[in-house]
Amino acid sequence: MTEVLVEVDDLKVHFPIKRGVFLDRTVGHVKAVDGVDLRIEKGRTYGLVGESGCGKSTLGRALLQLTKPTGGRVNFDGTELTTLPPKQLRQMRKRMQMIFQDPMSSLDPRQNVESILTEGLQAHGIGGDRTERRKLIAKTLDAVGLPQWALSRYPHEFSGGQRQRIGIARAVVLNPELIVADEPVSALDVSIQAQVINLLGDLQEELGLTYLVIAHDLAVVKHISDTVGVMYLGGLVEEASSDDIYRRPLHPYTRALMSAVPVPDPEVEDRRERILLAGDLPSPANPPTGCRFHTRCPWAQPTKCRDDRPSLRIIGTGTHRVACHWAEQIETGEIRPHAVKAEITADGAGAKDAHGALETALETPGGPVV
Amino acid sequence: MSTKSDKVDRLGELSAVKQDERGVSLWAEAFRQLRRNPSAIVGASILLLFVIISIIGPWLAPYSPTDTMGIREGVIKPGLIPGPSAEHWLGYDHQGRDEFSRLLVGARQTLLVGVISTLIGLTIGALIGGIAGASAGLGGRIGRAVDGVLMRIVDMLLALPSLLLAVSIAALLGASLTTVMIAVGMVSVPVFARLLRGAMIAQSGGDYVLAATSLGVKKSKIAFTHILPNSLAPVIVQATLTLATAIIEAAALSFLGLGNPDSSIPEWGVMLADAQQYLGARPGLAIYPALGIIITALGFTLLGEAMREALDPKLRK
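Quick note, the sequences are listed as chains A and B, same order.
Heads up: the first sequence begins at 7 in this note's numbering, then just goes up one per residue.
Heads up: the second sequence begins at 1363 in this note's numbering, then just goes up one per residue.
No lab work stands behind these hints: they were computed from the structure.
Everything hinted at is true.
Pairs of lysine-lysine, DSS-like flavour, derived with a Cα cap of 25 Å:
#1 B:K1580 <-> A:K93
#2 A:K228 <-> A:K48
#3 A:K93 <-> A:K18
#4 A:K18 <-> A:K74
#5 A:K141 <-> A:K100
#6 A:K48 <-> A:K18
#7 A:K74 <-> A:K100
#8 B:K1583 <-> A:K74
#9 A:K100 <-> B:K1583
#10 A:K74 <-> A:K24
#11 B:K1580 <-> A:K74
#12 B:K1583 <-> A:K93
#13 A:K145 <-> A:K100
#14 A:K100 <-> B:K1580
#15 A:K48 <-> A:K100
Which stretches of chain A does chain B cover? Using the computed rule of at least three CB atoms under 8 Å from a CB of chain B, they are:
#16 124 to 131
#17 160 to 174
Source: prediction; values computed, not measured.
No residue lacks a Cβ here, since even glycine has one placed at the ideal position from N, Cα and C.
If we strip away everything but chain A, and leave its shape as in the complex, we get (with noise of 0.2 Å):
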């Protein structure tokens, strides 16, 4: 077993939701995320997926302290990042970066390319005077594939492709461990999105990088990733390999996420099994009980499901980690899916957004096939 790099341990987001015209009340928590563990291994690739609105980028977040998390721990390469202290924190920093969904907006617009390279550079006071600084930046924009020429130039000026290499390089410049990328090519066409993703393929292999690549496309994920870990509704309820989650979808959830995916001979295609899910995502201020998932799952046992919440647990002798009471019934075949009526929720923008999204990610789960 490789060494493990970050290890995150029952971490929840908590938002409150205030109301009140004089003092806000807190009425309320929207659990964006809900009692995560992960760990992330050295030199790997963890791949986070999950309908909008599951809250796998405020995991993202949290993570890297962004977001204070409301509990749990996050460990990073021995040191508990929950309590350190802002200046420690600050300092940790260079070790971990991120790289965000729309490069237009995570660029400051008034700063040129050299500028956002140097800033972190500065903020670290690594490499010492100008010209190496220079030195340092030149190699980074070789390594992401953009011309020399691009430094005094502003983020308007480049194509979205272009930009996104500008936000890997601000990201690299640091010479950090972990990088998570939250929907690091969602953003981009569709030719680019291979570009970029082999980029960060081409990175993890010259720098020795960790990834935390955090999409909502299967595909993506599949190409990029070691393990993945499927999310629904603030908490895991699935974590393989690559292959093995591809394979062998156990959880009802990542099965209706994978039937999605069209295969590319009519045959199989015709034949294969599909998963509609009824329905809305539920509101994260108000989840179901028991297994987040029973109020839209074809396979819900009656009570069990309910009342029950399901914790990650091994299935077979791998590192196969489901979080579903009848896991081994349901590939077995012993219990058979039946009908779901679509619950209507009442509640929520969120819900809706979120029913839209998974949508798109099951119409267009090809992406970049690489």
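We have chain A; now place chain B onto it with these hints.
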């Protein structure tokens, strides 16, 4: 790195942009836009003319603005103030002084009142708004408390009608030119404070601020190098627009008799105030300075609107 697709990509990029040309910053781009906008050119021309007159006006004026020649020559009689003639293009004022000369010389004082009072408002307002915005955006719980206190103070200023506020300040400090500037400046403080604070809070939620935080940049540096520069555009636009209203407000204070009591230095607002007694006999005395104020305000407004368009990326064509 050197896969074929990357090379093709690079070639495309190379042909798209010429190498030797340097990057264009947002400010440079905005200025380029401004030069192509006709209303910006008209506004800037009006203002340029105004500034030139306010500088060289005293030398251009055909007569001394304080010389009561009309009374000396006996052409001013009760109820009769002579109008435009070949020697006196805009006629005499009620004290027999040359109206045209007074208008030329008065431009300087008017511009001074407008610029200085706007600067007072901008400085104090931006200071309060900047502190409030930065602490609300980045300071966490304590920051929000600081912001709350500052904004309640600003709200109190905002709750008073602007002219009433100016009148009470002027009454408190006594009538003088400085008072007018302070009073008019104070009126625009809450506007600048609110504007900058709002823009800074909006900016501090941006992804690039999160990116800077994740780079490990200090909060104070983020506030100064990222949030503040990106929040300034609306404030600059507001400043140009405020210049126009400041001139009008200063005129209103002068009109109410709270302006500069020393009538030897002409100022358009004071001239307008003086003219009210002679509206029946010579309406022109009110019309000329009023036109001057309106045209100047129009110049500032045109330029301000054009700047708003040039600086707002969403309005770019």
